[in-house]
Amino acid sequence: MNQMCLAEMRGITKRFPGVVANDAVDLKLYPGEIHALLGENGSGKSTLMSILAGLYRPDEGEIFIDGASQVFRSPRDAIRAGIGMVHQHFKLVDTFTVAQNIVLGDRRTPFITRMGRIEEQIARLSQRYGLQINPRAKIWQLSVGERQRVEIVKMLYRGCEILILDEPTAVLTPQEARDLFRNLREMAERGRAVVVITHKLNEVMEIADRVTVLRGGKQVGTMVRGEFTKRDLACAMVGRDVLSRIQRKSVAKGPPVLRLDKVQVLNDSGCNALQGVSLQVCAGEIFGIAGIAGNGQRELAEAVTGLRNISKGRVYVGDKDLTNAPVRRIIDEGVGYIPEDRLGTGLVPGLGVVENVILKDYRTPHLSKGPIVNRRIGVKRALDLIARFSISVTGLDAPVKLLSGGNLQRLLLAREISSGPRLIIAVYPVRGLDIAATEAVHRMLLEEREKGTAVLLISEDLDEIFKLSDRIGVLYDGNLVGVLDIEDADAERVGLMMMGGEEREAAVR
Amino acid sequence: MKLRLTGRNILQVEKTMTPSPVMVVLVPVASIVLALAVCGLFFYLSGKDPGYIYGKMFSGVVGSTYGLTETVVKSIPLMLCGLGVGLAFRMQLWNIGGEGQLYMGAFAATGIALFFPDWPAWVLLPVMVIAACLAGGFLALLAAVPRAYLGVNEIIMTLMLNYVAILWVDYLVYGPWRDPQGFNFPLTAPFREEAVLPTFGDTRIHMGLLFGLLLAVVFYFVIYRTKWGFEVRVIGESPEAARYAGMNITRNILLVMLASGAVCGLAGMAEVSGLMHRLQPGLSPGYGYTAIIIAWLAKLNPIAIVLVAFLFGGLQVGGYVVQTSGIPSTMVAMLQGTLLFFVLGGEILLRYRLRFMPGMRAGDESA
Amino acid sequence: MRKWYSKAVLLVAVMFMTAALLAGCGGGEEPSADNSDKIKVGFVYIGSPGDAGWTYAHDQARKALEEALPYVETEVVENVADADAERVLTQLAQNGNDVIFSTSFGFMDPTINVAKKFPDVVFLHCSGYKTADNVGTYFGRMYQARYLTGIIAGMATESDLIGYVAAFPIPEVIRGINAFTLGVRSVNPDAQVKVVWTNTWFDPAAEKEAANALLDAGADVIAQHQDTPGPQQAAQERGKLSIGYNSDMSKLAPKAVMTSAVWNWAPYYIETVKAVKEGTWESSSYWGSMAEGIVGLAPYGPMVTDEMKAAVEEAKEKIVSGEWDVFTGPIKDQNGELRVAEGETMSDKDMLSMDWFVEGVQGNIEQ
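Protein chains in written order, with the working numbering: chain B, 36 to 544; chain S, 5 to 371; chain W, 1030 to 1396.
It is possible that some hints are incorrect.
[Stated by the list, open to error] Cβ pair distances, simulated, as ranges:
1) W:Ala1235 - S:Tyr70: 47 to 57 Å
2) W:Arg1267 - S:Tyr70: 43 to 53 Å
3) B:Ile412 - S:Leu171: 49 to 59 Å
4) B:Asp61 - S:Ile159: 51 to 61 Å
5) W:Glu1336 - S:Pro121: 40 to 50 Å
6) W:Ala1161 - S:Tyr70: 20 to 30 Å
7) B:Gln123 - S:Asn157: 26 to 36 Å
8) S:Ile159 - B:Thr148: 50 to 60 Å
9) S:Pro184 - W:Glu1366: 58 to 68 Å
[Said to hold, decoys possible] If you want the ones that stay clear, here's a sample from chain S, every Cβ over 10 Å from chain W, calculated:
10) Phe93
11) Gln96
12) Leu118
13) Phe142
14) Leu171
15) Trp181
16) Glu198
17) Leu217
18) Val221
19) Phe225
20) Arg247
[What the hints assert, rightly or not] Here are the simulated DSSO-like cross-link-like pairs (lysine-lysine), alpha carbons at most 30 Å apart as the crow flies:
21) B:Lys355 - B:Lys297
22) W:Lys1146 - W:Lys1092
23) B:Lys355 - S:Lys231
24) W:Lys1067 - W:Lys1146
25) B:Lys235 - B:Lys265
26) W:Lys1338 - W:Lys1159
27) B:Lys436 - B:Lys253
28) W:Lys1378 - W:Lys1145
29) W:Lys1067 - S:Lys52
30) B:Lys173 - B:Lys126
31) S:Lys303 - B:Lys404
32) B:Lys253 - B:Lys297
33) B:Lys63 - B:Lys347
34) W:Lys1284 - W:Lys1306
35) B:Lys297 - B:Lys63
36) B:Lys265 - B:Lys288
37) W:Lys1378 - W:Lys1345
38) W:Lys1145 - W:Lys1306
39) B:Lys436 - S:Lys303
40) S:Lys303 - S:Lys231
Hints are computed from structural coordinates only; laboratory data are not their basis.
From the three backbone atoms N, C-alpha and C, an ideal C-beta is built for every residue, glycine too.
Throw the hints in and build the complete structure from the sequences for me.
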């Protein structure tokens, strides 16, 4: 690539209290390329891009735009220099229209605005890149994918030549992700540079022209398409070879632990979220529930754990009927639960490690005498779990919200597993985790299986499901549309069932 | 947030998780000195001698035994209400009704004192305490029940109930409970000696102080050491997590509000039985509201609430002292407000840090 | 948590240290107090002299006292809540005041309590009924002035409905309403006086609102018993007439105020302090009359006709000369029951505990 680069970051260093987020990182962005920024959580990818987008100021290093050194005092400066960033959490006003959001905060917007013309402009712009949005729609009416498109169009509208996307696929369905990649390619072909921050190897393999890998704030290297394999990237990212598949040992299946019999559940808006789901999970078995989010997964987990009312049908754990039993009783029956929302539901963000470790059994005679909680035992248990599950914490009393995502999940799993459950409900257990943490979580779940625990795994990630499950069920529109043994399942078929394809196919036949 | 100072230097505000120990010491000191300096300048400009005023304030509040004891007296209702509302705030129940609960407590205690004239002190006083707690707790429950079962906003409920309680006491003292010997003035008959809380020596400090100190310790223990306190903390931090852990949120809302109202009711009992010795309108100049600030400043820590209540007691006593040196009450209010403002501002500085970023290179200006 | 309260302790300590330091360098010595020729007089106000009402009238008299007696030095504490009165009174006594005027009814018990501890200080409590060897009470027969303003209102009203914004249903206020009504009906037997309670002494907005409600009900003259001129302003805004109270309110609502029933405490303050200085003071319950000048009417507004003035003068003469007083029978109450028989005059004791309305008043006493 001999052409002039659009932007260059040279020797960028950024320190936060206690950590060096970026350590002398260099990065060049050329027109027409999709550049992947790969790294584990906390490796400094987002910080680096936040510096480029004017949110942070580097402690050392320089940024050159079109060859000239520049200092950005605010994102506005960066946008003026043609750099726009789409954050993971969108910055949109729900009650405004798409067009209003796009011109909001744009300095060029005249005091008296003719929305009609702007809407036309936006429509033209979005059409050119295949980003279909209706400029007159209100944000709250849009799906997550559409909102992302609004953010992208916003940056294009402001004339950004360099577009940065922070984990853009984290919130998208596979279909939406594919559309997005197509749009990004379109933009690159028209001479823009696109940076995608990600920790998913598949995405890098799929779209990146070049990839820069960061580890612990340091730049491991920059590679050009064709020069790297998935394994190379993984090694660079983690610092060791991790793609060695965890092997599932064969475990003798025990008696059924969880039994659902035609369970019906309403969702928050009062519609049927589960329409008569029956299934069985046996001891020593991982039962994977595949499906696109919003098809009843959340309600399924909540119904089993007593957090949601079951309107029809029955739930049995062992030989006990736990339909609509109090949460406390279900816990006492040995049901562990890794909720989707780990910080806020599974863990109390503002309390320390000890408090979170004793969250569920503070009332058992082991931990309390009469009304008084024995904190000393809690501390001992916390220390034990920290050591056993190699959780890194800053202190036993520091709020757990300060922990990284991986450590949070380890802590949560450690608590649930250490209580010796006979059933574990795990919902999206590795969402947002990096490779090392994902591996640790998977290992923990497999170990539980080997111990004879029944595991109900709910996940969107087919790789994960296939890697761990003994049997796979697909949830579609509140129905369990198929249950397959892992030996009989292939990704294509499950994928089709997830989209509701199986049924239609069956009907045609 | 960034602040541009001169051409190239930038002051940046960043969030820090752990304030440095030096700052923990320095910031409050600086806040207070700064507040005093700002007000001092103001006093000076309006022709008063700030040194004389501050000297007066100091000697009036801590310079004499009387000033000190009065500070303590003033802090008793603040402390009790602060503990009461602070407990509810722990669970993110915004009990703004401390004032009304105080009035209800005063009402109940007075009722017992007036209508059981034959009881000896050792029966009468405990019964008054229990009645006051029940009455305060009852008023809080009126807001807690709709909150717990229907999700009705407790802020509005407790706030409105304040008016109900205050007007209820007004009705009694203007009407049925009026002292027959009182020329129809709005006062109940004075309490008999048996219904008066004992005081310490010949000061006006009454047993209410012991209630406050004892409760602070008990609350501290309950919140940090018991199962119930643990539940309260978890629910306060995250109701979803509490549900997940199988805690009964409804029951805890009722219990916490009951306890919160009961303690505020106790404050009312302590005021009528320890200080006023009769029920009369204008019983509280807003103790229940000041308590909200106290609880927040103390970060809901019961021990800290006691200390902050002393501080507020001192500020209010000092305010009156300063008036006798010719400072109008409005200026005193300004002094109190400024002190609060600076101390709260300093708190924020503790959680953020300033970073001075000098020396951006030439060429920046073009950006 | 632990961090915080150590911080709070620090905060308190630092505050006091700073105050001490400032006191030290400010050289703020107390102004030499004991100058045997001087006599120190303390005043405790419920409100602020800026209220243009009750406290203003007292403060005007205080200034007159300082002017009339060169050996007098005064000290003032304003905006004192009932709950704080005992401390403030103690503090004034400790400061070496020889005479202390406590100018609100709610300060009654505190005054008596503090007086016990300072037998050498003379306390004078306004509007109460408890006396001691060193505590006297003082008040004025405001009802006499009220009666006269009633005559003007009764002649001025066209709708025969007069509004009366009143604070609390205590005897003082009821007496004023009755006297006013008797005055109104002495010249206009068909007229009615409609009473609205505000349940506050000092709330300009609420008082204005109450006056507006009365105007909406058809009243065209507004009288009041409050501490602020809010009702007068309401009348002026609606182009209606009004009668002020406490002090001359014509400056605040020149188009509406016909006259005001005013307090003139100065003669009493001067006499009393003189008596204390000369050692002739004795405890008493002083209830001054119009003849002694403690109550009176403010200058008439331009809308007051000569006819009205003549009627007022006629009645005033009878009252001042002692020939006749306001509560002389026959007087019927609201239910038409004869309360004071023909030719009889109410005793002071009955007047001081009045709890019923005369015929012609619309309103209830029990809220």
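Cross-check of the supplied hints:
For the hinted restraint 47 to 57 Å between Ala1235 (chain W) and Tyr70 (chain S), the CB-CB distance of approximately 37 Å leaves it violated. Judged by the Cβ atoms, the range 43 to 53 Å given for Arg1267 (chain W) and Tyr70 (chain S) holds: they are separated by roughly 51 Å. A hinted range of 49 to 59 Å holds for the C-beta pair Ile412 (chain B) and Leu171 (chain S), which are about 52 Å apart. The hinted window of 51 to 61 Å between Asp61 (chain B) and Ile159 (chain S) holds, with their beta carbons roughly 54 Å apart.
The hint said 40 to 50 Å for the Cβ distance between Glu1336 (chain W) and Pro121 (chain S), and at roughly 59 Å that hint is violated. In this structure the hint that Ala1161 (chain W) and Tyr70 (chain S) lie 20 to 30 Å apart at CB holds, the actual value being about 21 Å. Separation of Gln123 (chain B) from Asn157 (chain S) is about 33 Å and conforms to the stated range, judged on CB atoms against 26 to 36 Å. Separated by about 39 Å at the C-beta atoms, Ile159 (chain S) and Thr148 (chain B) break the suggested range of 50 to 60 Å.
Distance hint check for Pro184 (chain S) and Glu1366 (chain W): the Cβ-Cβ separation is about 21 Å, which falls outside the suggested range of 58 to 68 Å. Remark: the non-interface label on Phe93 (chain S) is consistent with the geometry, its nearest Cβ contact in chain W lying 15 Å away (cut-off 10 Å). Distance check on Gln96 (chain S): its Cβ is at least 18 Å (rounded) from any Cβ of chain W, clearing the 10 Å threshold; non-interface status holds. Taking the minimum C-beta to C-beta distance to chain W, about 16 Å, the non-interface status of Leu118 (chain S) holds against the 10 Å cut.
No beta-carbon of chain W comes within 10 Å of the beta-carbon of Phe142 (chain S); the shortest separation is about 22 Å. A beta-carbon of chain W is positioned within 10 Å of the beta-carbon of Leu171 (chain S); the least distance is around 8 Å. Taking the minimum C-beta to C-beta distance to chain W, about 12 Å, the non-interface status of Trp181 (chain S) holds against the 10 Å cut. Every CB of chain W lies more than 10 Å from the CB of Glu198 (chain S), the least distance being 18 Å, so the non-interface label holds.
Residue placement check: Leu217 (chain S) keeps its beta carbon more than 10 Å from all beta carbons of chain W (closest about 14 Å). With a cut of 10 Å on Cβ distances, Val221 (chain S) stays outside the contact zone with chain W, its closest approach being about 13 Å. Here Phe225 (chain S) stays apart from chain W, with its beta-carbon at least about 13 Å from theirs, past the 10 Å limit. Taking the minimum C-beta to C-beta distance to chain W, about 26 Å, the non-interface status of Arg247 (chain S) holds against the 10 Å cut.
The straight-line distance between the Cα atoms of Lys355 (chain B) and Lys297 (chain B) is roughly 16 Å, inside the 30 Å bound, and the hint therefore holds. With a CA separation close to 28 Å, the supplied pair Lys1146 (chain W) and Lys1092 (chain W) stays within the 30 Å bound. Using a Cα cut-off of 30 Å, the hinted pair Lys355 (chain B) and Lys231 (chain S) holds, with the two alpha carbons roughly 28 Å apart. Restraint check for Lys1067 (chain W) and Lys1146 (chain W): the C-alpha separation of about 23 Å stays at or below 30 Å, so the hint holds.
Under the criterion of a C-alpha separation no larger than 30 Å, the hint pairing Lys235 (chain B) with Lys265 (chain B) is consistent with the structure, at around 10 Å. For the hint linking Lys1338 (chain W) to Lys1159 (chain W), the alpha-carbon distance of about 38 Å lies beyond 30 Å, and the restraint is violated. The hinted pair formed by Lys436 (chain B) and Lys253 (chain B) meets the criterion: a straight-line CA distance of about 25 Å does not exceed 30 Å. This hinted pair checks out: Lys1378 (chain W) and Lys1145 (chain W) have alpha carbons roughly 26 Å apart, not beyond 30 Å.
Taken as a hint, the Lys1067 (chain W) and Lys52 (chain S) pair is honoured in the structure, with Cα atoms around 23 Å apart against an allowance of 30 Å. A hinted pair counts as satisfied when its Cα atoms are at most 30 Å apart, and Lys173 (chain B) with Lys126 (chain B) qualifies at roughly 14 Å. A threshold of 30 Å between alpha carbons decides the hint, and for Lys303 (chain S) with Lys404 (chain B) the separation of about 28 Å falls inside it, so the pair holds. Taking the CA atoms of Lys253 (chain B) and Lys297 (chain B), the gap is about 53 Å. The hint is violated against a cut of 30 Å.
Distance check on the hinted pair: Lys63 (chain B) and Lys347 (chain B) sit about 59 Å apart at the alpha-carbon level, beyond 30 Å; violated. A C-alpha spacing of about 44 Å is found between Lys1284 (chain W) and Lys1306 (chain W), which places the hinted pair above 30 Å, so the restraint is violated. For the hint pairing Lys297 (chain B) with Lys63 (chain B), the CA-to-CA distance comes to about 57 Å; that exceeds 30 Å, so the pair is violated. Proposed proximity of Lys265 (chain B) and Lys288 (chain B) is contradicted: the alpha carbons are some 35 Å apart, above 30 Å.
For the proposed pair Lys1378 (chain W) and Lys1345 (chain W), the alpha carbon gap of about 23 Å is at most 30 Å, so the pair holds. Our distance criterion of 30 Å between C-alpha atoms is met by Lys1145 (chain W) and Lys1306 (chain W), whose separation comes to about 21 Å. About 19 Å separates the Cα atoms of Lys436 (chain B) and Lys303 (chain S), which keeps this hinted pair within 30 Å; it holds. Restraint check for Lys303 (chain S) and Lys231 (chain S): the C-alpha separation of about 21 Å stays at or below 30 Å, so the hint holds.
Of the numbered hints given earlier, the model fails hints 1, 5, 8, 9, 14, 26, 32, 33, 34, 35 and 36; all others are met.
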